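Student: Here is how the chains run, residue by residue.
There are 2 protein chains.
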Amino acid sequence: MVGAVRSSHPIKYLLEAESIAVVGASADPLKIGGRPIEYLRRFGFTGRIIPVNPQRREIQSLPCIPRLTDESAAELAIIATAAPDALISLTDCLAAGCKGIVIFSAGFAEFNPEGRALQERFARMADEAGAVLLGPNCLGTINAHSRLVATFTTALEHSQLPVGGFSYFGQSGALGAYWIEKVEASGLGVAKWITTGNECHISLADALLYLAQDPETTLIGAYIEDIKQPERFVEAARIARSAGKPVLAIKSGRSKPGKRAVSAHTGAVAGEDEWYEEILKACGIVRVDSLTEMVDVGRLLLSNPPPRAPSRLAVVTVSGGAGALICDAASDVGLDVPDLSADMRRRLDKLLPSFVLRQNPIDVTGAVVSNAPMLGDVLTALASCAEFDTIVIFLGLMSSIKDGLIEAVKGARALGKPLVLIWVGASTESLQALRDCGIPVFADIPTTLRALAKTVVMS
Amino acid sequence: MVGAVRSSHPIKYLLEAESIAVVGASADPLKIGGRPIEYLRRFGFTGRIIPVNPQRREIQSLPCIPRLTDESAAELAIIATAAPDALISLTDCLAAGCKGIVIFSAGFAEFNPEGRALQERFARMADEAGAVLLGPNCLGTINAHSRLVATFTTALEHSQLPVGGFSYFGQSGALGAYWIEKVEASGLGVAKWITTGNECHISLADALLYLAQDPETTLIGAYIEDIKQPERFVEAARIARSAGKPVLAIKSGRSKPGKRAVSAHTGAVAGEDEWYEEILKACGIVRVDSLTEMVDVGRLLLSNPPPRAPSRLAVVTVSGGAGALICDAASDVGLDVPDLSADMRRRLDKLLPSFVLRQNPIDVTGAVVSNAPMLGDVLTALASCAEFDTIVIFLGLMSSIKDGLIEAVKGARALGKPLVLIWVGASTESLQALRDCGIPVFADIPTTLRALAKTVVMS
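Top line first, the protein sequences correspond to chains G and Z. Residue numbering for the first sequence follows this note's numbering, beginning at 1 and increasing consecutively. Residue numbering for the second sequence follows this note's numbering, beginning at 1001 and increasing consecutively.
Read the hints as simulated data drawn from the structure, not as lab findings. Keep in mind that this is a model prediction, so the values were computed, not measured. Positions of the beta carbon are idealized from the N, C-alpha and C atoms, including for glycine. Be careful, since some hints might not be right.
[Claimed, not checked] Now the in silico label distances, taken between C-beta atoms and shown as ranges:
| id | chain 1 | residue 1 | chain 2 | residue 2 | range |
| --- | --- | --- | --- | --- | --- |
| 1 | G | Ser399 | Z | Leu1087 | 28 to 36 Å |
| 2 | Z | Glu1429 | G | Gly244 | 23 to 31 Å |
| 3 | G | Glu274 | Z | Arg1241 | 37 to 45 Å |
| 4 | Z | Ala1386 | G | Glu114 | 46 to 54 Å |
| 5 | G | Glu235 | Z | Gly1244 | 40 to 48 Å |
| 6 | G | Pro10 | Z | Lys1256 | 51 to 59 Å |
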C-alpha cells in the first residue's frame, strides 16, 4: 500500500524522473543553468539529460535543443531562466508534457505583489496540466540513490553525495546545502532532499508526505518557516511516525526580526511560535535549535544501537572534571546519573584500581593509559547490567593508546547497550575507525547531552 | 607596582623558575616522570633540568643525580614519585631549598581521610620552608613564553604550544589539557597554565591573583569545582578586572550527581550553586557552559577589534533562512537586530540588486557569487555607520569565490567595527587566511550568538 500511495503522487517526478530537461541550460558548469547538468553527469545519473537553449547546438558535450516540444518531452523540467522568462519556459514545459517542474528563479512572492500573482498563475497552470511545480525561488531536489541532482547548490562542488537514509525538506535551499555539508562531514548518508522555496504549488506537507512513504528514507530533517497546509502536514507527520521515521525540525521566525526575515525570504508569514510549537509537539516532531543539533541527534539515532528513551545514564570518564560536567549537563536536560547498586560496586571492585572510587560517574583516571583493557572491562560490566539505559563515555586526547581505547569501546558495543562517546581531541584515524563501525564521536559535553535528551522525545 | 607584587609572591617559582628538578625522573618519555623532561627539552626550555633518580646516572641524555641536595638545588621541583614516596621526596626537596613544588601523585584528600591528613602535613611543611606547593593530584604548570613545562599532560604530545595571551587555571588538569587542544585548534595562543588539583596549599585564588598580575596574560579561563578562599578569590578577580583581563569560568557541581563527582575528583565540597553564581557575578566573571563556549568567547574577545557591549546587530547573510535563525538566536540572548534607518536604506539602494529587500537582516542572496565586491560595499556601508555596534556576517560554502569573500570581510574590518563571521563549510585555507588577520570564523548560529552575548557582561 505504501508503494501504491507513493507511486500515485506526481511529486515522484521531482525525485524519480528518468529524463530531465534543463531549460536555460548553460555551457558554463558554474552557472545556475550549467550546474545541474554538470552534477547529473558527475554523480552518474543514468537517465536522459536534455539541455534546452535556443542559442546552442551542444552543451557540456550533450546535444542541445532550442525548445521543448512534444517529441523531446522529459518527465522533469528544471527552469533555470531568469524570472521574466519563467512564464514562457513553464508554458513550453507543460505543453511538452513534463510532469515535474522545478523553478529556480527568485523575484516572486518574496519580492512584491506582482510576483505573488505570477507564481499563483504558475500553480494554476501546473494544476491544469496535471503536473507538480517546486518553487519558485528554490534550490530543487536531490535523490542521492538514483543520482538525480536537480539543483545548482554549491554544496555539491566538493561533495561525494554519500548515499544513506537521512532526508531533508525545507523552504530554505541554502540551509539544505549546509545540511548536506554537515551530514557528509559527520559520516552519514543522504536519501532525498527537497527545497520548497516559495511553495506556490508543492508545500512542506507534500514533501513530508512523500518522505514518510519513501522506502529509502529512515530519518527526516526539516527547516520550516511556515506550515501552509497544517492538516495535511499533521497527517504526513502521523504517517512518518507510524513508519518509525523520526522527524527533526528547525522552526525559524520565533522572534520579531526573525518573522521579518522569514517574510523577506520566501514570502511566508510566520504566525505565533506557540502555535507551531503545539503542532510540532502533537506530531511527535522533535524541535532542534540548529543544523548542528539536527545532525547530532541524527548521528545518535542512526548509531547502532541507537539510544532509546535514555533516562538512567552510566558515565565513564578519564577525567573527574569531565564527569562532573556530564552530570550537570545531564541534570539540565532531565537525564539522571544514578548511583551504582551494591552489586555493581562489587563487580567493579574486581576491575578498578584501588584509588578509584566506586561511584557513578566512574572516573577510571589516567590509569587507563597503562591499562586500556580495564576500560573495556568496566564498560562491559555496565553494558551487561539492567540498571542503566545508556552509557556515556568520555575520553580525551590519549592518541598514544587510541587503538586500545577503540577496542574497549567496540567490545562493549557488541553487548547491544547504546553508547554515547565524547572524545575531545580524537585523531582523524580514531574518528574514522569508530565511524566505520557505527559509533559516532562527539566533542562537546552540553551539546551532546542536549542531543541525547532529544532522542527521548521520539521513543 | 604590579611587577613588584608579582615578583614577591613565591608562586612565581611554579611558573618562572630557571632550574627544575624532576624527582622520580624516568628514561621513558611516555612515563609520568619522563614526560616533563621530554617536554622541557622539546619546547626549548633554556634553564637547567635536573633528573633525580637513585637508579640511573643519565636520563634522556641528561646527567641524573640520586637525591636532591643543597648543591644541586633547583628553584622548582616536580615530584613524580608514587603517593607513598611523596613525603620523603618532599622532605628532600624542601631541605635542598626548592621554593616551588609540584606534586603529580594522586591518592590523597580525594581518596580517604588519611590522604587528607597527609596532604595537610605537606602544606605545613611547605609553609615552614617558605615554599609553595601545587597539588597533589594535579597536572602542574606551563609557562608557554619561557617554555617552562612542568606537566605530564598528554595534550602536549602533538602540540606546538603556541604562545599568546590566554591563560588557564583550574582544579582539573584533564580539562586544562582539553583547553590547550581547543585553544591551539582555534588558532589562539597560551600564556600560563596552572592546575591546582587537591589544593592543599596553592589555591584557585592564588592562581587567579598571579594571572591577574601577569603581564603576559590578557584573558583568563577557569575551571572551578570549589572556591576555598572566597575573599582572596574575589580580591584577585577585582585586580583582574581593573587590569582589563576578562575571566571566563566553568563552575561544575551544579547538580546532585555533579557534586558527588566533584568530591570524588579533588576532595572538594561544592556548596549550593546559587552561592557561586552570586560570587562570580559580583566579580564580573563570565560563566560559560563548556570549554567550547569558553574558547568561542575567547576568540571573540581576542579578535581585532573585539565586540564591545554589542546590543544592536547588523546581520548580513547569503541565506534568508540563516538570517531568520540569527535573528531568533539573537533574540534568545537579548541582542537586537533593529531595522535599518531611512538613511541606511538609501545608501544600500545604490549597492544591492533590485530584488533584495532593504531590511535587517540583509540577505545579499546567491547574487554574491557573481559579485563578491557587492558584499564588501554593503559591509563597508554598515561598518561606517553608528546605528549598529557589531556586524554579524553569515557565509556558507561558496569555496569557488572564497578569495572575494575574504577580501570583502577584510576590507570592512579595516574600518574598526567589530565583525562576527559565521561561515559554514569554510575551507581550511579560508579559515587560515582569516585567522591570520585576526578574524575568527564560527560554524554554528546559536552557539556563536550565545558566545557573543557573553562578551557583553565584561564591558
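Student: Now tell me if each hint is right for this structure.
Tutor: Hint check results:
1. G:Ser399 with Z:Leu1087: 28 to 36 Å: 34 Å, holds
2. Z:Glu1429 with G:Gly244: 23 to 31 Å: The hint (23 to 31 Å, Cβ to Cβ) is violated, given that glutamate 1429 of chain Z and glycine 244 of chain G are roughly 43 Å apart.
3. G:Glu274 with Z:Arg1241: 37 to 45 Å: For glutamate 274 of chain G and arginine 1241 of chain Z the Cβ distance comes to about 41 Å; the hint holds.
4. Z:Ala1386 with G:Glu114: 46 to 54 Å: 36 Å, violated
5. G:Glu235 with Z:Gly1244: 40 to 48 Å: 59 Å, violated
6. G:Pro10 with Z:Lys1256: 51 to 59 Å: With Cβ atoms ~57 Å apart, the hint holds.
Hint compliance for this structure: hints 2, 4 and 5 are broken, all remaining hints hold.
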